[in-house]
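Novice: Position chain S against the provided structure of chain Z, taking the given hints into account.
As given, the protein sequences belong to chains Z and S, one line each in that order. Our numbering puts the first residue of the first sequence at 1, with every later residue one more than the last. Our numbering puts the first residue of the second sequence at 1001, with every later residue one more than the last.
No lab work stands behind these hints, which were simulated from the structure alone. Errors might be hidden in some of the hints.
[Unchecked claim] Pair by pair, the computed Cβ-Cβ distance ranges are:
1. S:P1104 - Z:K57: 32 to 42 Å
2. Z:E79 - S:S1109: 18 to 28 Å
3. Z:G63 - S:K1078: 16 to 26 Å
4. S:I1111 - Z:L69: 44 to 54 Å
5. Z:Q17 - S:Q1014: 40 to 50 Å
[What the hints assert, rightly or not] Every beta carbon over 12 Å from chain S, so not counted as near; a handful from chain Z, in silico:
6. Q11
7. K14
8. G42
9. S49
10. R72
11. E79
12. A92
13. T103
14. L115
Glycine residues also receive a C-beta, built at the ideal position from the N, C-alpha and C atoms.
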Amino acid sequence: NAGVTQTPKFQVLKTGQSMTLQCAQDMNHNSMYWYRQDPGMGLRLIYYSASEGTTDKGEVPNGYNVSRLNKREFSLRLESAAPSQTSVYFCASSEWAGGLQETQYFGPGTRLLVL
Amino acid sequence: AQTVTQSQPEMSVQEAETVTLSCTYDTSESDYYLFWYKQPPSRQMILVIRQEAYKQQNATENRFSVNFQKAAKSFSLKISDSQLGDAAMYFCAYCFATKVIFGPGTSLSVIP
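Looking at chain S on its own, in the form it has when it is part of the complex:
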């Protein structure tokens, strides 16, 4: 069965610094999607970035980038130049066909 693990329940980062959130997953499929979602205190789930497994190039979105290691089944999120508005829960998610599995989340605090 597919699983998604986020081993860091809580993380903190100084404003303007860089932080990396970890995610590992387990699957026997070769084509799938991986996502990072952000959930601020408003509870809205906001897509941060997505990665297609068949693409070797790591996805980037402005200050957000991923390190996708398919063989290692690892999908980490790097946030550069952290801002106060980045403080939130971050969820890693695996998606194949109708199956979507979310990790337990990492709570990120940003220190001014």
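Isolated chain Z (complex conformation):
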């Protein structure tokens, strides 16, 4: 099992360009998440998908859109990149048990630099 995979690993964009970050998981998890990590801070939730067909905003959704393509795949799109979106982006997936979300498993991250 590959777990959670992300592409690309690293990307440089110019201000105003668009791009999509891809994420896939092979653990048959229902829930998937996108986080960003900035220096000196923990991870902040951008968007999540509790189950296939649903998406919801997290703590910092502005400037992003997401698509839950199917149970395996959850993409994050930057329509018009800004330097403030320079960050490391992590995708994660998890399962639920007894009404509680269980352990989140993370992808390797995507480093994004917006010039």
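Specialist: Showing chain S alone in chain Z's frame:
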């Protein structure tokens, strides 16, 4: 609103010694999960240990153990017999339903 605080931005420990990383959180919920994640220079987020709030017994995983004080809302991580490979950022995280809150992290250095 739930918050997670890690009051030690940096810590260091001698190889083979024991170190404790602190974490406090704020919540009004009674059932939830708490996690410690390790992030080495590779940036991969690796689960170290987890604790279900309804369990009174402290979780242990080999050299890693927690001291979970539910009433005090405290969740510290103890690393015994520290190894060079333990050097990393450590994040405490609180999880309830779809809400996951991470602390700002503690950078742990291991001195040979």
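Novice: Which of the listed hints are broken here?
Specialist: 1, 2, 3, 8, 9, 12, 13
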